[in-house]
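Student: Read off the chains here:
Protein chains: 2
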Amino acid sequence: MKQLICWAIAFALAGNFIMAQEKQVFIIDDLILGGSTYHMRQPETAFYEWWGDKLINLNTDKAEDLFSLEDINRIIAKSGFENSVIRNMLHASFPYATRPVVVFKTKKNIFFINWEKQTLENCITFSENAENTDLSTATMQLAYTDGYNLYIASSNDITQISNDGSNDIRYGESVHRNEFGINKGTFWSPSGELLAFYRMDQSMVSTYPQVNINPKGNDSRCATIIPDKYPMTGETSHKVTIGIYNTTEKTTVYLKTGDPTDRYFTNIQWSPDNKYLYVIEVNRDQNHAQLDCYDTKNGNKIATLFEETNDKYVEPMEPIRFLPWDGSKFIYISRKDGFNHLYLYDTKGREIKQLTNGKFEVIDFLGFANDSQSILFTSNELHPLQNNIYKVDLKGARTLLDNGKGWHKATVSESGSYFIDKYSSPEIANSIDLRSTNDVTNCKNLLTASEPWDEFNVPKIEVGKIKAADDKTDLYYRMVYPTDFDSSKTYPAVLYVYGGPHVHTIDASRHWGVNGWSIWMAQQGYIVLTVDNRGSEHRGLEFEQVTFRKLGVEEMKDQIKGVEFLTSHQFVDKDRIGVHGWSFGGFMTTSLMTTYPDVFKVGVAGGPVIDWRFYEIMYGERYMDTPQTNPQGYDDTSLLNKAANLNGKLLIIYGGNDMVCVPQHTQTFIEACIKEDKYPDLFIYPTAGHNMYGNERVHLHNKITQYFNDYLK
Amino acid sequence: MKQLICWAIAFALAGNFIMAQEKQVFIIDDLILGGSTYHMRQPETAFYEWWGDKLINLNTDKAEDLFSLEDINRIIAKSGFENSVIRNMLHASFPYATRPVVVFKTKKNIFFINWEKQTLENCITFSENAENTDLSTATMQLAYTDGYNLYIASSNDITQISNDGSNDIRYGESVHRNEFGINKGTFWSPSGELLAFYRMDQSMVSTYPQVNINPKGNDSRCATIIPDKYPMTGETSHKVTIGIYNTTEKTTVYLKTGDPTDRYFTNIQWSPDNKYLYVIEVNRDQNHAQLDCYDTKNGNKIATLFEETNDKYVEPMEPIRFLPWDGSKFIYISRKDGFNHLYLYDTKGREIKQLTNGKFEVIDFLGFANDSQSILFTSNELHPLQNNIYKVDLKGARTLLDNGKGWHKATVSESGSYFIDKYSSPEIANSIDLRSTNDVTNCKNLLTASEPWDEFNVPKIEVGKIKAADDKTDLYYRMVYPTDFDSSKTYPAVLYVYGGPHVHTIDASRHWGVNGWSIWMAQQGYIVLTVDNRGSEHRGLEFEQVTFRKLGVEEMKDQIKGVEFLTSHQFVDKDRIGVHGWSFGGFMTTSLMTTYPDVFKVGVAGGPVIDWRFYEIMYGERYMDTPQTNPQGYDDTSLLNKAANLNGKLLIIYGGNDMVCVPQHTQTFIEACIKEDKYPDLFIYPTAGHNMYGNERVHLHNKITQYFNDYLK
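Just so you know, the protein sequences line up as chains P and S, in that order. Number 242 in this note's numbering belongs to position 242 of the first sequence; there are no gaps in the numbering. Number 295 in this note's numbering belongs to position 295 of the second sequence; there are no gaps in the numbering.
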């Protein structure tokens with residue numbers, strides 16, 4: 001691997017000898033995900049998997065010296081699955097730390113292969129239409145959904161767990177629209193005998209009529225309806241319950257939660273002894289959470305361990321995690337002191353200790369290191385733009401485990417003694433190290449990728465701080481200068497904005513996290529400024545909650561501070577300021593165009609929220625409460641009431657089947673503009689959802705760019 | 001009335017003294033229907049109604065010396081309808097030639113008032129939600145639909161005729177999507193005792209999911225579905241039957257037509273003796289029509305009087321009309337000799353005589369003149385761009401009844417001895433004459449309106465002939481020159497096109513039938529050319545049917561001849577040619593942009609057909625046959641297959657609830673363009689249908705104009 005580093009350095013040096021005018025010019029495909037050359041312009045990377053504490057390199061057709069792809073396919077074929085060919089190693093997994101078994105999943109099989117015995121130890125066959133697959137490695141059973149029902153497949157048989165699944169009644173799927181950290185609907189007990197699953201009844205929820213313009217297999221070519229259950233803020237919500245299926249007794253018990261109306265059941269966790277299920281319940285108003293423990297035998301509630309309240313909102317995002325070496329204690333992650341931190345609790349619900357604290361945020365929970373009895377996590381303690389790997393022991397002693405630079409992600413080995421440290425920084429395109437949690441100096445570099453943009457004429461990217469509209473909070477900005485910048489010229493400038501919660505757009509990763517379109521615009525001669533305003537993520541609760549009940553208002557004020565910073569430079573043409581953003585950024589773009597019409601000449605808003613009354617309950621009510629309890633807040637932020645202010649050129653783009661920000665948003669705004677004799681522009685990707693992918697994404701960014709070229713350049 | 005003429009002439013002379021530079025400039029509201037000043041720029045007009053052979057002036061609050069509005073309201077009020085105030089005379093009707101009774105209809109009442117006795121003779125009260133109202137003056141019964149069922153209201157009671165009406169089963173409404181001249185669903189017998197009505201079962205027809213983004217009175221603000229039954233070419237069609245309700249016996253009989261699958265029942269007519277119902281039946285392939293006579297007592301078919309076939313299509317548009325003085329004979333109107341002409345038949349189905357013939361078309365059937373035993377009609381015999389009033393006797397002797405100029409409409413008195421002749425011409429803004437059918441010299445001018453545009457700087461409008469692409473057929477064009485035209489300059493030019501059957505856009509009416517937008521564009525500095533290509537109306541069957549099974553192909557060739565004519569002028573910039581049209585004209589625009597991409601730089605297509613596979617059966621299959629029998633024709637004309645050719649700037653606009661050219665047309669085209677890396681523009685009027693009205697129509701034309709200004713000017 002050292003050779004690789006040397007090569008990379010040599011290349012970087014060679015790059016310096018290429019004069020600017022000899023460097024390559026980007027084509028849009030280089031810069032936009034989905035472009036034909038996009039991946040060629042991304043740094044090299046590599047893939048590894050843990051087998052116990054042993055690292056397995058999956059980047060060739062041989063898994064270390066253990067087995068080859070050829071071996072695997074021979075074993076599969078001779079076991080009667082000639083048609084199931086494993087094409088590469090990347091999806092191999094090694095769930096059994098002490099046994100020489102590799103697991104491969106195909107479209108309808110899971111193969112458990114013992115490479116020492118050269119045999120297929122087990123095989124689970126399931127429906128080709130299976131979704132939401134979830135494997136218990138303990139019992140080698142696969143939970144999955146097919147249509148709207150839940151199934152469990154083992155090597156012997158397939159059991160249908162639910163029967164009345166429909167568009168109205170969903171089993172085994174993620175619920176509550178993936179809020180509260182929910183991203184799946186099945187939860188195997190550690191023993192693999194019990195399966196907890198979500199059941200969601202949304203029959204009482206309004207149905208948004210999405211239209212399918214390409215009906216397949218129908219008698220008619222006429223467009224059809226896609227009835228999408230969409231609960232809008234202040235309206236009737238779905239009802240979620242939690243079942244537990246016992247695979248031995250073949251019985252289902254539901255948690256006895258009582259009437260599930262207007263209750264969110266989140267962050268499901270099993271007790272290590274398989275006896276209890278822990279659920280964090282949040283009320284509809286989202287200002288109260290409680291950790292409840294249920295008996296999985298009969299569904300009875302055993303206890304409420306503790307409660308958490310906030311006058312604005314609580315938002316539990318992580319299940320509790322039991323200490324591997326002490327099943328009577330667990331880690332709880334909360335922002336209750338104003339920043340996201342780790343807490344040690346016992347199963348009586350007593351807080352034993354706050355393990356981390358300070359004006360920084362725990363970002364990722366990584367796992368446990370058993371030998372040092374510590375918790376592994378990442379945080380931005382070193383710098384608000386960084387994400388570094390730490391361990392903390394139960395006394396609260398914290399140790400930095402990485403190089404203290406950039407933006408890190410980690411995958412931890414079985415025991416927690418080792419981890420893969422993958423990071424990038426403005427200087428490093430991509431680096432992968434094998435590290436020890438016990439010895440910071442024990443580091444083996446597996447990959448240091450060269451910078452693929454070195455051959456290109458990359459614009460200058462500057463990151464710095466400005467003051468928020470409150471004149472005290474630091475905000476980070478990223479300014480991309482025009483390619484071949486000449487400070488004696490004046491340039492048009494575009495604000496690229498997201499601005500909503502749970503997202504940041506500037507960090508200390510490769511090229512400061514810049515998006516490809518900003519580079520593309522720089523090459524077209526624009527300055528692109530991005531500011532992570534108050535309300536964005538990783539800066540603490542107060543920073544985020546300043547937007548409560550008035551989404552967009554404070555965020556816009558901060559963006560205007562960004563514009564002031566922009567126009568403080570004499571090379572910025574203050575009469576040619578544009579703005580572009582997608583989703584919350586589309587809301588911000590439309591809000592800015594209609595709230596500060598004298599500032600912005602041109603805007604392109606993608607998939608925007610126009611009125612929070614059309615947005616879904618879980619996200620919408622957290623930040624806005626309901627239209628009934630906060631009518632003023634909804635009115636003040638509704639762009640339907642601001643259409644009359646539109647003076648600049650505004651292009652709104654959305655996906656014809658956007659099920660996140662439904663088309664009703666943009667359509668009602670266009671209608672309001674027409675009534676006010678205003679002239680927004682519109683484009684639709686007819687069959688896209690909330691985002692565009694592949695060639696459509698390239699097309700989209702050409703379309704966006706062309707609009708600025710037509711009206712701002 | 002003579003005073004009025006003198007005033008008009010005086011005004012016109014005065015107009016000549018205003019120098020061009022002193023003349024007013026149009027604002028867009030002057031020129032677009034729906035604009036705030038549009039009606040001020042339209043010529044004065046006046047309204048009359050016949051009472052027998054006596055003309056009643058309805059333009060004041062006094063109906064001649066008969067009664068005043070005050071009289072009417074006093075009679076209504078004293079009869080207990082204080083809340084039903086008649087606001088003006090315009091909707092007065094005088095159905096009883098010999099009795100002093102005037103009829104007024106309000107939202108829920110029909111009043112029959114005897115002005116001599118000063119009494120309310122009768123009053124029918126019906127539902128406020130009534131639609132498709134149809135009054136029998138003979139029995140004073142009102143047929144109407146409410147919801148999807150049929151009712152009959154008399155002064156005594158309301159009878160519900162059907163019970164199972166629904167979105168699937170419709171009673172008493174127009175059927176077959178208003179093709180074949182059908183525009184209503186109820187037909188009173190002359191005696192008023194029997195009511196024939198359509199019943200349409202469309203349960204087997206595919207449902208187009210139109211979306212309502214402004215649901216009212218719902219629990220949820222979430223968009224809802226408008227399930228619009230829309231039968232697409234080649235797919236399953238609806239089934240129509242005809243019922244006859246006997247108001248005396250209170251029974252319904254259905255015509256015994258047999259299985260109604262794929263059959264069109266059109267042009268319903270009662271025999272004068274109330275015994276028979278005549279129906280023209282057309283087969284699904286639309287190449288065969290037959291006149292059938294049914295016994296209304298039992299629904300039995302009595303006879304097929306005659307049949308008509310054509311190797312392309314037949315299209316009966318007019319019911320037979322019995323001679324008032326001889327119930328054994330009737331007038332049939334057909335294009336069977338290649339032009340639309342009148343034929344005299346007897347009830348045995350024998351053709352007695354072709355009453356009109358020649359290379360011109362009968363346009364409107366007006367009625368009968370009893371004393372001269374002749375038929376009154378209009379035709380374009382004098383000139384293909386004119387429409388003049390004639391009578392023809394049963395020997396075929398034809399007499400011109402108007403001044404032989406311009407475009408005339410007529411309303412005939414009870415006996416047919418007199419008619420109101422309303423016309424305009426390029427010289428006359430609006431003229432209304434009272435004329436006799438017996439004496440062409442007997443003419444009393446009621447109104448000659450002055451030209452409201454005389455105060456404005458009106459562009460030059462030139463009308464002339466060019467040869468069609470077949471190099472032999474004459475086509476008419478209208479060229480609007482830029483306001484303040486200077487032949488030494490070069491101008492951008494826009495083709496304004498419709499191009500489809502049943503429409504002409506150029507005639508000898510006021511300003512040659514120019515549309516306001518052409519004038520608006522002329523004022524913006526464009527030349528606007530319009531050509532009525534082969535396929536358009538009033539030029540005979542061969543002229544129309546050249547488009548058969550390949551809509552758009554020949555039409556485009558003719559439009560290209562128009563472009564050649566345009567660019568033969570040195571003041572036309574051949575690199576700045578645009579095109580705009582709506583509906584069939586939107587199809588033409590998109591076809592031209594993708595078929596002749598080197599000719600057109602900019603296009604704006606409104607509510608276009610993109611693929612005739614998405615259009616409805618009745619119109620679509622007449623001209624294109626089915627996708628099954630004419631796949632090549634559908635493929636060749638589908639713009640989905642031409643998206644790759646798009647090079648110019650094309651804006652497509654449609655109504656979000658367009659139920660004529662459904663949104664699927666444009667959406668699939670946009671999708672095809674995205675796949676081909678093409679960049680059309682798009683705009684939607686979210687709650688509009690196939691056309692925009694009121695302020696939206698003004699907004700639309702600003703939008704269209706702006707697009708040309710952005711990219712063509």
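Check the hints yourself; a few may be wrong.
Note that the list lumps identical chains together, so a pair holds whenever it fits in one copy or between two copies.
Said to hold, decoys possible - Below, computed lysine to aspartate or glutamate pairings styled on EDC-like, alpha-carbon distance capped at 20 Å:
id	residue 1	residue 2
1	K216	E128
2	K229	D219
3	K301	D393
4	K678	D29
5	K336	E554
6	K301	D65
7	K557	E235
8	K216	E235
9	K117	D364
10	K675	E696
11	K229	E307
12	K703	D677
13	K23	D575
14	K239	D259
15	K405	D393
16	K678	E696
17	K275	E381
18	K239	D285
19	K675	D635
20	K467	D285
21	K675	D29
22	K678	D710
23	K561	D346
24	K422	D259
Since the hints were derived computationally from the structure, they do not count as laboratory data.
Student: If a hint holds in the structure, say so; if it does not, say that too.
Tutor: Hints, verified against the model:
1. K216 <-> E128: So K216 and E128 pass the 20 Å test inside one copy only (19 Å; across, 43 Å).
2. K229 <-> D219: between (25 Å within a copy, 15 Å between copies)
3. K301 <-> D393: Classified as neither: same-chain Cα gap 32 Å, cross-chain 97 Å, threshold 20 Å.
4. K678 <-> D29: Only across copies: K678 and D29 sit 16 Å apart there, 35 Å inside one copy, limit 20 Å.
5. K336 <-> E554: Neither, since 23 Å and 74 Å both go past 20 Å.
6. K301 <-> D65: neither (51 Å within a copy, 90 Å between copies)
7. K557 <-> E235: Classified as neither; 30 Å inside a copy, 56 Å across copies.
8. K216 <-> E235: So K216 and E235 pass the 20 Å test across copies only (15 Å; inside, 33 Å).
9. K117 <-> D364: Neither: 38 Å inside a chain and 93 Å across chains, both beyond 20 Å.
10. K675 <-> E696: between (32 Å within a copy, 7 Å between copies)
11. K229 <-> E307: neither (31 Å within a copy, 54 Å between copies)
12. K703 <-> D677: Between copies only: 10 Å across chains, 25 Å inside a chain, cut-off 20 Å.
13. K23 <-> D575: neither (32 Å within a copy, 37 Å between copies)
14. K239 <-> D259: within (9 Å within a copy, 50 Å between copies)
15. K405 <-> D393: neither (22 Å within a copy, 102 Å between copies)
16. K678 <-> E696: between (28 Å within a copy, 11 Å between copies)
17. K275 <-> E381: neither (37 Å within a copy, 96 Å between copies)
18. K239 <-> D285: within (15 Å within a copy, 54 Å between copies)
19. K675 <-> D635: For K675 and D635, only the intra-copy Cα distance (18 Å) is at most 20 Å; the inter-copy one is 39 Å.
20. K467 <-> D285: The answer is neither: 32 Å in one copy and 74 Å across copies each exceed 20 Å.
21. K675 <-> D29: For K675 and D29, the Cα distance is within 20 Å only across copies (15 Å; inside one copy 39 Å).
22. K678 <-> D710: Classified as both: same-chain Cα gap 19 Å, cross-chain 16 Å, threshold 20 Å.
23. K561 <-> D346: Classified as neither; 46 Å inside a copy, 87 Å across copies.
24. K422 <-> D259: neither (46 Å within a copy, 73 Å between copies)
The structure is inconsistent with the numbered hints 3, 5, 6, 7, 9, 11, 13, 15, 17, 20, 23, 24, although it conforms to all the rest.
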